[in-house]
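Given chain A, put chain B in place with the hints provided.
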Amino acid sequence: MYTEAPTTKFNVANSPHWHDGSSLSGIQQAWLLALLPAIIASTCYFGFAALRVVALAVAASVVAEVTWNALVANRDHATNFSSVTLGVLLAFLLPVGAEWWLVLVGSFLTVIIGKKLYGGWGAYPVHPVALGYAILVVSWPSRLDYTASLVAQTWSVTMVEPMRLVRTLGASAEASFGFTDLVLGRQVGGVGNALVLWLLLGGLFLLLIREIPWQIPVGGILGVLACAWLLGLINPEGTATPVFHLLAGSTVLMVFFLAPEHTTSPVNPWPMFLYGLLMGILLVLIRTFSNHSDGAIFAVLLANLCSPLLDRITPPVVGREVQDVA
Amino acid sequence: MNFRQTLTHGFWRDLPPFRLVLGLCPALAVTAAAENGLGMGLAVTFVLIFSNMFISLLRRVIPDKVRIASFIVVIATLVVLVELVMKAYFFPLSQQLGIYIPLIVVNCIILGRAEAFASRNPVHLSMADGLSVGLGFTMSLTLVGSIREILGAGTWFGLAVFSEGFEAFSFMVKAPGAFLCLGLMLGLMNAWSRRRGEIFIQT
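In the order they appear, the protein sequences are chains A and B.
Its first residue numbered 1, the first sequence is counted upward by one per residue in my numbering.
Its first residue numbered 1, the second sequence is counted upward by one per residue in my numbering.
Extracted from the complex, chain A is given alone in its bound form (with noise of 0.2 Å):
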């Protein structure tokens, strides 16, 4: 006699069953908020002038992602809120008086072409933002000179000028400023990239909940310290310190923010490290051999490229191969 049998059901899916939880806009939020000092600080020491930046970046940043979104289909939404990272991200290495339309033409260039024209977050090789920002500083240098912008405002605590000086000076400039100052960030820089320890704070948060690898970050530092050292040992005069390295211009910046960027940092923990410090001794090369007082941008962006290669490092297979039998 026929029974039928109990209906069960199988759901059929691929991998991965099982989710934490985390999302994409999720990841988005955390760098934000670690960028959130930073923020606070660099409205407190230039004023709204630092916050117009920041807000007009990110404006126009979420403006161009929805606007190409509109035109065409892909599957990088504005509501992952990776374009806002970005604007922050621009906005913070601009100068506090930058201009209403070179805002707006490095957030277009920052989304649109470091962005989307790859396919969106996940895709692009090089970071947008040093990118957009590459491109700014090499049509419009005059336009980006920190220094001329911060005399042009009114701030409401003295600051330093410590690229300069030590590029001008060499390293007797050194004992014209306190290590304090730059810790502080009372140095002269964009809106956010020389905030030290606000972005330290942001930087050690992300480490603290693991969204970022600490590989980066210390082989980014390592290298910063080792080629400045070295650098020292050959031309003591014209060098600065190795800690004067780590703690003026965007180096924070860059080994916390720029280089651990999820799409275009290596993802085995050995290529990690030889990534950062790679970034870490392009940075003091450029600062020392180059036209660009901060190296940062060119440091991230020449990293970047190398990043596929350095990923091709892998952890060795374990077992034995299996011998190709004729």
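Hints were generated in silico from the structure; no laboratory data involved.
Treat the hints loosely; a few may be bogus.
[To be verified] A few chain B residues that face chain A, going by a derived Cβ cut-off under 10 Å, partial list only:
1) Gly152
2) Glu164
3) Ala168
4) Phe169
5) Ser170
6) Met172
7) Pro176
8) Gly177
9) Leu180
10) Gly183
11) Gly187
12) Ala191
13) Arg194
[Stated by the list, open to error] Here are the in silico distance ranges between beta carbons for each label pair:
14) B:Arg120 with A:Val318: 57 to 65 Å
15) A:Leu222 with B:Gln95: 20 to 28 Å
16) A:Gly26 with B:Gly165: 37 to 45 Å
17) A:Ala73 with B:Ile199: 16 to 24 Å
18) B:Ile68 with A:Trp100: 50 to 58 Å
All residues carry an ideal CB built from backbone N, CA and C; glycine is no exception.
Same frame as chain A, but now just chain B:
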């Protein structure tokens, strides 16, 4: 291809450098200004028409094994002609284009048309092909040069386009700007063709 198709295929279907993806070196190198693009394009057109003509005439004489070398001899002769005429009558332009005029000898469009078209078609078709592809190339180079010059220098054929307050986007007249401009135009063209359902990838 009949005569009319041959005369028009260089303007869209085989538009260099976008469709043929040949001749990218001059397209990137000399298009910092619209005038340079136009001059380069016309020089290439001249060489292309006459190299196609001579190669088509000689197509039964040239042995198959040494055809590339023979093509180069024909092309180089014409290029030297262009170079001398330019130096005599358009000296500033020839200074601007510099090494890229002699380099027309190894321009892959010219060699490509000689190999793919002129060496297997009669003279009138080959000359029409040279005219069509050459003018297409001139159009493309002038367009790329115009975009780069207007954005990057604020001028078009040397005339100011914007008012005094314009600050030139000088990235566009530098080398990376050429790659960006060419890539964006190629992408736009492919998107347009895909929308119209054209088959545009050469098989």
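Results of checking the hints against the structure:
1. Gly152: Because about 8 Å separates B:Gly152 from the closest Cβ in chain A, which is inside the 10 Å limit, the hint holds.
2. Glu164: violated, 15 Å
3. Ala168: holds, 8 Å
4. Phe169: holds, 5 Å
5. Ser170: holds, 5 Å
6. Met172: holds, 8 Å
7. Pro176: Cβ of B:Pro176 sits 8 Å from chain A, so the hint holds.
8. Gly177: holds, 9 Å
9. Leu180: At 7 Å from the nearest chain A Cβ, B:Leu180 passes the 10 Å test, so the hint holds.
10. Gly183: holds, 9 Å
11. Gly187: holds, 8 Å
12. Ala191: Hint on B:Ala191: holds, closest Cβ of chain A at ~9 Å, below 10 Å.
13. Arg194: violated, 12 Å
14. B:Arg120 with A:Val318: 57 to 65 Å: holds, 59 Å
15. A:Leu222 with B:Gln95: 20 to 28 Å: violated, 51 Å
16. A:Gly26 with B:Gly165: 37 to 45 Å: holds, 44 Å
17. A:Ala73 with B:Ile199: 16 to 24 Å: The hinted range 16 to 24 Å holds for A:Ala73 and B:Ile199, with Cβ atoms some 22 Å apart.
18. B:Ile68 with A:Trp100: 50 to 58 Å: Holds, since B:Ile68 and A:Trp100 (Cβ atoms, about 56 Å apart) stay within the stated range.
Comparing the model with each numbered hint stated earlier shows that hints 2, 13 and 15 do not hold.
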